[in-house]
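Trainee: With the sequences and hints as input, model every part of the structure.
There are 2 protein chains.
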Amino acid sequence: MKLHWSPRSPFVRKVMLFAHETGLVDRLELRRTVVAMTKPNPELLPDNPLNKIPTLILDDGSSLYDSIVICEYLDGLHGGAKLFPEEPKAYFTAMRRCALGDGLLDLLILWRNERERKHPDPDYLAAYAVKFDASLAALESEADALAATPFGIGHIAIGCALSYTGFRFPDLEWRPRHPKIAAWLADFSRRPAAVATEARDG
Amino acid sequence: MKLHWSPRSPFVRKVMLFAHETGLVDRLELRRTVVAMTKPNPELLPDNPLNKIPTLILDDGSSLYDSIVICEYLDGLHGGAKLFPEEPKAYFTAMRRCALGDGLLDLLILWRNERERKHPDPDYLAAYAVKFDASLAALESEADALAATPFGIGHIAIGCALSYTGFRFPDLEWRPRHPKIAAWLADFSRRPAAVATEARDG
Numbered sequence: 018m019k020l021h022w023s024p025r026s027p028f029v030r031k032v033m034l035f036a037h038e039t040g041l042v043d044r045l046e047l048r049r050t051v052v053a054m055t056k057p058n059p060e061l062l063p064d065n066p067l068n069k070i071p072t073l074i075l076d077d078g079s080s081l082y083d084s085i086v087i088c089e090y091l092d093g094l095h096g097g098a099k100l101f102p103e104e105p106k107a108y109f110t111a112m113r114r115c116a117l118g119d120g121l122l123d124l125l126i127l128w129r130n131e132r133e134r135k136h137p138d139p140d141y142l143a144a145y146a147v148k149f150d151a152s153l154a155a156l157e158s159e160a161d162a163l164a165a166t167p168f169g170i171g172h173i174a175i176g177c178a179l180s181y182t183g184f185r186f187p188d189l190e191w192r193p194r195h196p197k198i199a200a201w202l203a204d205f206s207r208r209p210a211a212v213a214t215e216a217r218d219g
Numbered sequence: 018m019k020l021h022w023s024p025r026s027p028f029v030r031k032v033m034l035f036a037h038e039t040g041l042v043d044r045l046e047l048r049r050t051v052v053a054m055t056k057p058n059p060e061l062l063p064d065n066p067l068n069k070i071p072t073l074i075l076d077d078g079s080s081l082y083d084s085i086v087i088c089e090y091l092d093g094l095h096g097g098a099k100l101f102p103e104e105p106k107a108y109f110t111a112m113r114r115c116a117l118g119d120g121l122l123d124l125l126i127l128w129r130n131e132r133e134r135k136h137p138d139p140d141y142l143a144a145y146a147v148k149f150d151a152s153l154a155a156l157e158s159e160a161d162a163l164a165a166t167p168f169g170i171g172h173i174a175i176g177c178a179l180s181y182t183g184f185r186f187p188d189l190e191w192r193p194r195h196p197k198i199a200a201w202l203a204d205f206s207r208r209p210a211a212v213a214t215e216a217r218d219g
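The listed protein sequences correspond, in order, to chains A and B.
So in the working numbering, the last one in the first sequence is 219, and the numbering has no gaps at all.
So in the working numbering, the last one in the second sequence is 219, and the numbering has no gaps at all.
No lab work stands behind these hints: they were computed from the structure.
Here the structure is a predicted model, which is why all the values come from computation and not from measurement.
Please note: incorrect hints may appear among the correct ones.
[As the list claims (entries may be wrong)] Listed below are the simulated DSS-like cross-link pairs for lysine-lysine, each with C-alpha atoms no more than 30 Å apart in a straight line:
no.: 1; chain 1: A; residue 1: Lys-106; chain 2: A; residue 2: Lys-197
no.: 2; chain 1: B; residue 1: Lys-197; chain 2: B; residue 2: Lys-106
no.: 3; chain 1: A; residue 1: Lys-106; chain 2: B; residue 2: Lys-99
no.: 4; chain 1: A; residue 1: Lys-56; chain 2: B; residue 2: Lys-56
no.: 5; chain 1: B; residue 1: Lys-99; chain 2: B; residue 2: Lys-197
no.: 6; chain 1: B; residue 1: Lys-19; chain 2: A; residue 2: Lys-106
no.: 7; chain 1: A; residue 1: Lys-19; chain 2: A; residue 2: Lys-56
no.: 8; chain 1: B; residue 1: Lys-106; chain 2: A; residue 2: Lys-99
no.: 9; chain 1: B; residue 1: Lys-99; chain 2: A; residue 2: Lys-99
no.: 10; chain 1: A; residue 1: Lys-135; chain 2: A; residue 2: Lys-56
no.: 11; chain 1: A; residue 1: Lys-56; chain 2: B; residue 2: Lys-135
no.: 12; chain 1: B; residue 1: Lys-135; chain 2: A; residue 2: Lys-135
no.: 13; chain 1: B; residue 1: Lys-19; chain 2: B; residue 2: Lys-56
no.: 14; chain 1: A; residue 1: Lys-19; chain 2: B; residue 2: Lys-106
no.: 15; chain 1: A; residue 1: Lys-135; chain 2: B; residue 2: Lys-56
no.: 16; chain 1: B; residue 1: Lys-99; chain 2: B; residue 2: Lys-19
no.: 17; chain 1: B; residue 1: Lys-56; chain 2: A; residue 2: Lys-197
no.: 18; chain 1: A; residue 1: Lys-19; chain 2: A; residue 2: Lys-99
no.: 19; chain 1: B; residue 1: Lys-106; chain 2: A; residue 2: Lys-106
no.: 20; chain 1: A; residue 1: Lys-99; chain 2: A; residue 2: Lys-197
no.: 21; chain 1: A; residue 1: Lys-56; chain 2: B; residue 2: Lys-197
no.: 22; chain 1: B; residue 1: Lys-135; chain 2: B; residue 2: Lys-56
[Claimed, not checked] Computed Cβ-Cβ distance ranges for the label pairs, DEER-style:
no.: 23; chain 1: A; residue 1: Glu-103; chain 2: B; residue 2: Ala-162; range: 25 to 33 Å
no.: 24; chain 1: A; residue 1: Glu-46; chain 2: B; residue 2: Pro-139; range: 32 to 40 Å
no.: 25; chain 1: A; residue 1: Lys-56; chain 2: B; residue 2: Arg-48; range: 39 to 47 Å
no.: 26; chain 1: A; residue 1: Lys-56; chain 2: B; residue 2: Phe-186; range: 18 to 26 Å
[Unchecked claim] Which chain A residues stay away from chain B? Per the calculated CB distances, all over 10 Å, these:
no.: 27; residue: Lys-19
no.: 28; residue: Thr-39
no.: 29; residue: Gly-78
no.: 30; residue: Ser-80
no.: 31; residue: Ala-107
no.: 32; residue: Ala-160
no.: 33; residue: Ala-203
C-beta: ideal position from N, C-alpha, C; glycine also.
Mentor: Rendered as structure tokens:
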């Protein structure tokens, strides 16, 4: 399988972290693919017309996206503990956590783009801050439950989203106000799969 | 179950269309919830800190989002034909189509917001146009396969995304260049569940 990949994309990191956790990383042939919101990459468009990474190309030439779909596909390829829960209540909790992590990442990427515009819109900036604060407060409330749930896809989505704040938003300083989820993230970040996939420039 | 709902949101429409298709619409108590990118709604934030609709509130008070997670939850509540395929290959094809439909909707909403800014960025506008054209070309290539697949969640995501162009982008005029997917959309739009949930202002 080929993976359109970049070392800086937090959505790609979800897939790589998943592959490390499940022992599948050697099955992925990484293809360095550069994308930017305003620069569609013509080599990626045939595999994913939305021009997003990660995009997985299966051996039959068909493609899969987005990151959560790729992770669920990978979960069927290994014999270890499944990272998508099978019991319905646990499954939907994990899926809601995935949507929160992914939504938070989408928000952070839009926020970063807004900051870098020639004419940043103060209404957008203010709305991103409100939603970020609400998300961190929700995660702080959920930190104990998160820590008590067997590690899985929900943890990966939330961990990759929160880690991205350190990479691209060092000024946010949310940790002192949200000590429980900060401690959870510190544990998450010590996992070998997290260390192996830490975002880096280059 | 309560659903944070609006008659204009294309993501809400996915859930409503799904509920009509599966006979579950009477189980949903609709709560009119107004959201805008730059106006977080304080009544929604406790149920969904990302401030997005649809958000479903279960009878135990917990919430579920986003639209695809809600649809998958609803698929477990009815006794008819499942709209999430069970066979893995069909399932992942449907999930990839969902990601394409949802990604296209995200793109259209960002595009519309960009057009309405005081200082629209021409690089963003150009990138949205490129991705939209690539997505329509991909859907045109896939139109026969889409029509041949049993109706399900992938169809709902793509149908709701394409319908949104008619509601908010009447100037795009993509149909003459993409006749197969335009014909598929016309069939989709005649389904009773599609007619019952058509977007409207008000």
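Trainee: Report the numbers of all earlier hints that the structure fails to satisfy, in ascending order.
Mentor: Failing hint: just 30.
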